[in-house]
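With the hints as constraints, model all of the structure from the sequences given.
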Amino acid sequence: MSEHVYKSIELTGSSKISCDDAIRTAIEHASKTVRNIRWFHVIETRGHVDDGKVAYWQVTLKVGFTLE
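Read in order, the letters of the sequence shown are residues 2 to 69 in this note's numbering.
These aren't lab readings, by the way, just hints derived from the structure by calculation.
Heads up, some of the hints might be wrong.
What the hints assert, rightly or not - Distance condition first, Cα-Cα at most 30 Å in a straight line; then the derived BS3-like pairs of lysine-lysine: (1) Lys33 to Lys8; (2) Lys54 to Lys8; (3) Lys8 to Lys63; (4) Lys33 to Lys17; (5) Lys17 to Lys63; (6) Lys63 to Lys33.
What the hints assert, rightly or not - Label-pair distances were calculated between CB atoms; the ranges are: (7) Val55 to Glu29: 18 to 28 Å; (8) Gly53 to Ile18: 15 to 25 Å; (9) Glu69 to Thr46: 23 to 33 Å; (10) Thr67 to Ser19: 25 to 35 Å; (11) Glu4 to Glu29: 41 to 51 Å.
Computed from a predicted structure; not experimentally measured.
All C-beta atoms, glycine included, are put in the ideal place defined by N, C-alpha and C.
In structure tokens:
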């Protein structure tokens with residue numbers, strides 16, 4: 002196994018569908034400009050309520066990527 006050095010950033014994704022979709026949205030969007038994403042850790046999950054129903058989800062992640 003090779004040794005790596007990781008840098009981490011914090012992202013917040015949102016979705017009207019689910020918290021899982023909010024995570025996927027954040028990672029897929031970040032991967033367009035951040036190379037070598039290797040892991041993520043959910044820091045916070047929250048949502049917006051409108052008329053007594055969940056309107057959308059927000060998920061904050063710590064995302065790690067390897068340095069070149």
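Right, here's what the structure says about each hint:
{"no.": "1", "hint": "Lys33 to Lys8", "result": "holds (17 Å)"}
{"no.": "2", "hint": "Lys54 to Lys8", "result": "violated (37 Å)"}
{"no.": "3", "hint": "Lys8 to Lys63", "result": "holds (10 Å)"}
{"no.": "4", "hint": "Lys33 to Lys17", "result": "holds (22 Å)"}
{"no.": "5", "hint": "Lys17 to Lys63", "result": "holds (21 Å)"}
{"no.": "6", "hint": "Lys63 to Lys33", "result": "holds (17 Å)"}
{"no.": "7", "hint": "Val55 to Glu29: 18 to 28 Å", "result": "holds (22 Å)"}
{"no.": "8", "hint": "Gly53 to Ile18: 15 to 25 Å", "result": "holds (18 Å)"}
{"no.": "9", "hint": "Glu69 to Thr46: 23 to 33 Å", "result": "holds (32 Å)"}
{"no.": "10", "hint": "Thr67 to Ser19: 25 to 35 Å", "result": "holds (29 Å)"}
{"no.": "11", "hint": "Glu4 to Glu29: 41 to 51 Å", "result": "violated (28 Å)"}
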